[in-house]
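Q: Chains as they are written, first to last, in this note's numbering: chain F, 1 to 406; chain A, 1001 to 1348.
Possibly wrong hints are sitting among the right ones.
Unchecked claim - What follows is a set of in silico ranges between Cβ atoms, one per label pair, in the way DEER data are often shown:
hint, chain 1, residue 1, chain 2, residue 2, range
1, F, K45, A, P1337, 56 to 62 Å
2, A, A1325, F, P161, 46 to 52 Å
3, F, R274, A, G1033, 35 to 41 Å
4, A, M1001, F, L313, 35 to 41 Å
5, A, S1280, F, E300, 46 to 52 Å
6, A, L1301, F, E149, 50 to 56 Å
7, A, P1237, F, E149, 53 to 59 Å
As the list claims (entries may be wrong) - Partial list, derived from the structure: chain F residues whose beta carbon lies under 8 Å from chain A:
hint, residue
8, A19
9, H20
10, L25
11, N28
12, R179
13, G187
14, A282
15, R301
16, D307
17, P309
18, I312
19, L313
As the list claims (entries may be wrong) - Which residues of chain A face chain F? A few of them, derived with a C-beta cut under 10 Å, are:
hint, residue
20, M1001
21, G1156
22, M1158
23, D1185
24, T1187
25, A1190
26, V1217
27, V1257
28, I1339
No lab work stands behind these hints: they were computed from the structure.
Idealized CB from N, CA, C, for every residue including glycine.
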Amino acid sequence: MTDMDPATVPVAEPSAIRAHAASTLDPNAKQVLSVENLRMYFPVKANGIIRRTVGHVQAVDGVSFQVPEGGSLGLVGESGCGKSTTGRLIARLLEPTAGKIEFQGRDIAHLSSRELMPLRREIQMIFQDPATSLNPRHTVGAIVGAALEIHKVVPKDKIIPRVQELLEVVGLNPEHYNRYPHEFSGGQRQRIGIARALTLQPKLLVADEPVSALDVSIQAQVINLLQDVQREFGIGFLFIAHDLAVVRHFCPEVAVMYLGKIVEIADRDTLYNRPHHPYTQALLSAVPDVKQAAIGGRRERIRLEGDVPSPILPPSGCRFRTRCQFAQEICAKVEPPLLQICRRHKVACHFAGELGHHPSTPVTMGVCGVDEHGSPVAGETPDVQLNEAGFSDTWLDLQTGQRTGA
Amino acid sequence: MSFLSVRDLVVHFKTVDGVVKATEGLSYELERGKTLGIVGESGSGKSVSSSAILGLHRGTNAQVSGEIFLDGVDLLKINDESIRRKRGREMAMIFQDPLSAMHPYYTVGNQIAEAYRIHNDVTKKQARARTIEMLDRVGIPQPDRRVDDYPHQFSGGMRQRAMIAMALINDPGLVIADEPTTALDVTVQAQILDLLQDLQREFNSAIIIITHDLGVVAEMADDVLVMYAGRAVEYGPCKEILVHPEMPYTWGLLSSVPDVVGDTDAKLIPIRGNPPSLLSPPPGCPFNPRCDHRDKVPGDLCRTTLPELTPARAGGNHVKRCHLANPDEVYATEVLPEIAPDMIEEQA
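Produce the entire structure from the sequences given, and follow the hints as far as they go.
A: Shown next, in the form of structure tokens:
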């Protein structure tokens, strides 16, 4: 342990020293992943001998989004909102209750484990806690090489050289393949996790809180490394995190989840500068901000009272209404659809609008076929195509209330 | 003398590998009604130095020296019984993870009431009434019912509120909050920070908030102490330090965190390498192996001599530990343009 003292051992970290700007969005990229109406209900069993199912935790309830090839989508939300479950569903560590997961055009939602085997190469995962996601009894060489061995991608005698190559890519000393995880610091362990995810040259990486267990100075090193490997290998990222600032830096497109549903999805500039959902607005205003405080300014904070309701019995209609300052009658009756309101902006709110400009009448009356109070209007049929993944060429303009296009 | 005055505090731990120098010569002052933010990475000694104030190293292998004056009394000189009487009444601590800081077998009310009954001659009934009052004050709904709940029945934010109620039930003059919001979501974090500020105004207590999040410090603190490898490397008024930082480690902390507002072109510049071992800190400035600016100092001074805490060039009540002759110019011309290009325009 002592010979790994980080102050005395020079660590090869070529990627860490470079400074990185945020990544950008390519609107015409092909989608590597397309998720439609994904649902995951975990049964809640009663106590006693006959373990009846007494309810369901609606962890993920009708989520749709796309991840472009070589691009990244951020998924943010508070703990318990279903973002990690979504990640695990996409890596198919869980089988969804319903919905489609289209990976490179093929629905993988209900494939058997045998059918999934070749797909495991293509979709890999990086976990939050590098201390618990690496086997303490295996050397780094064994951990990173395991995937090569199982999938027989290189002959046995080529495994060690390949592992060393990968260690170099993630900025570790290739000579250290014989060491155990405990001999590395937190940031270095996360690099091992990244090397392991890269071994099979995946097309999609699900990164579940990849930096939240790390110290701030180390976080930046790992984020820059992830940007490097993304650029070098053209990997699509589903980047799951609760840290809004980290997501903003890494992902050109971001989805906000609340209680198992996406409430807003938009390109970075729109989401962070002109959020239209009251929850996104509250979330952003709650982030303490160094640079603003440094120049003396402080944003007005929107106070969210109370806690997130239970996902076993979510509120009727809009799930956010119990904590929303704009909630009205309609919000309890009708669930707001995830409505496209701009070229790359969808929001699920009856009163969607920029902060301070929320409309007084619901913007969703037409598409939901209801009146102001949420009661159905005879003869109006709700628009059915509201839960598809991706963005369409026409959208509802909030100013005019009309469908418009480019 | 200030309400709390820490002078030349040293905390060493003897281990089989050698002496871990967790805190070396730390000094700061804090008045009632003010907040001090202590910032640093894990292992920088921020928690260790603060638990020394409460006397939590007594009975361990730690060697604590220096002076800690609370309201004129040197806490390192008094005996175990006296410090036990102060602990919980005059000074209290809020821990990072309320789930592991609370006993899972006792009700929340029981644990809070215990803190009250130990220091006050009251009946169980009175203590319970005071507990309910306190739970209500920290914003727990239906406190008369929730008082009989167990910690696992509370959500994370509510548990942290209960911890705050426990710390404040005896109206202590000094509250040490060790990463009070790190385990919480941002919206809950905002609630807890607001609550702490309200309570501080009400009770006029001095707060030490230990965190690695500069954002939390920016919102809460009057003064900031930046720690690295057991030493103070920069200390002064919060705004001074955030606007005119003069120590490359503080620059690193500022430039390695992304932001939710401002320019997306702002670059993320990590601090290279890892924090040093406290068993054998590097000679000279402890930050020198990770510092990008040490070559600007003539004569290899950074690698050989530990810089003293000297007044900052930008003035104010602000000290830093750095050999650089012109840190304010280096920051303004080399660091700031990379990390906050839009801020420069705003100021211009």
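Q: Work down the list of hints and note, for each, if the structure agrees.
A: We went through each hint and held it up to the structure:
1. At about 59 Å, the beta-carbon gap between K45/F and P1337/A stays in the expected band of 56 to 62 Å.
2. The hint said 46 to 52 Å for the Cβ distance between A1325/A and P161/F, and at roughly 49 Å that hint holds.
3. Checked against the given bound of 35 to 41 Å, the beta carbons of R274/F and G1033/A, roughly 39 Å apart, stay inside it.
4. A hinted range of 35 to 41 Å is violated for the C-beta pair M1001/A and L313/F, which are about 57 Å apart.
5. Restraint check, S1280/A to E300/F: a C-beta distance of roughly 49 Å satisfies the suggested window 46 to 52 Å.
6. L1301/A and E149/F have their C-beta atoms about 52 Å apart, which keeps the hinted 50 to 56 Å range intact.
7. Distance hint for P1237/A and E149/F: a CB-CB separation of about 58 Å, consistent with the stated range 53 to 59 Å.
8. A cut of 8 Å between beta carbons decides the hint on A19/F: the least distance to chain A is about 4 Å, and the hint holds.
9. The interface hint given for H20/F is met, as the beta carbon of that residue sits about 5 Å from the closest beta carbon of chain A, less than 8 Å.
10. Violation of the interface hint for L25/F is found here, the shortest Cβ-Cβ separation to chain A being roughly 11 Å, above the 8 Å cut-off.
11. Against a cut-off of 8 Å between C-beta atoms, the interface hint on N28/F is violated, since the closest Cβ of chain A lies about 20 Å away.
12. Taking 8 Å as the C-beta contact cut-off toward chain A, the hint placing R179/F at the interface is violated, the least distance being around 15 Å.
13. For the restraint placing G187/F at the interface with chain A, the shortest Cβ-Cβ distance is roughly 7 Å, inside the 8 Å limit, so the hint holds.
14. This hint holds: A282/F has a C-beta 6 Å from the nearest C-beta of chain A, less than the 8 Å allowed.
15. With its C-beta approaching chain A no nearer than about 6 Å, R301/F sits inside the 8 Å limit, and its interface hint holds.
16. Proximity of D307/F to chain A holds as hinted, the smallest CB-CB distance being about 5 Å (cut-off 8 Å).
17. Checking P309/F against chain A by beta carbon gives a least distance of about 11 Å; that is not within 8 Å, so the hint is violated.
18. Look at I312/F: its Cβ only gets to about 14 Å from chain A, farther than 8 Å, so that hint breaks.
19. Because the beta carbon of L313/F sits about 15 Å from the nearest beta carbon in chain A, more than 8 Å, this interface hint is broken.
20. Interface restraint check for M1001/A: the shortest CB-CB distance to chain F comes to about 30 Å, outside 10 Å, so the restraint is violated.
21. Restraint check, G1156/A versus chain F: the minimum CB separation of about 7 Å is within 10 Å; hint holds.
22. Hint status for M1158/A relative to chain F: holds, with the closest Cβ pair at about 7 Å, below 10 Å.
23. The criterion of a C-beta within 10 Å of any C-beta in chain F is met by D1185/A, whose closest approach is roughly 4 Å, and the hint holds.
24. Checking T1187/A against chain F: minimum C-beta separation of about 5 Å stays under 10 Å; hint holds.
25. Against a cut-off of 10 Å between C-beta atoms, the interface hint on A1190/A holds, since the closest Cβ of chain F lies about 4 Å away.
26. For V1217/A, the interface hint holds, since its Cβ comes within 10 Å of a Cβ in chain F; the closest pair sits about 8 Å apart.
27. With a least beta-carbon distance of about 6 Å to chain F, the hint placing V1257/A at the interface is held under the 10 Å criterion.
28. For I1339/A, the shortest C-beta to C-beta distance to chain F is roughly 8 Å, which falls under 10 Å, so the interface hint holds.
In summary, the structure is inconsistent with hints 4, 10, 11, 12, 17, 18, 19 and 20 from the numbered list given earlier, while agreeing with the others.
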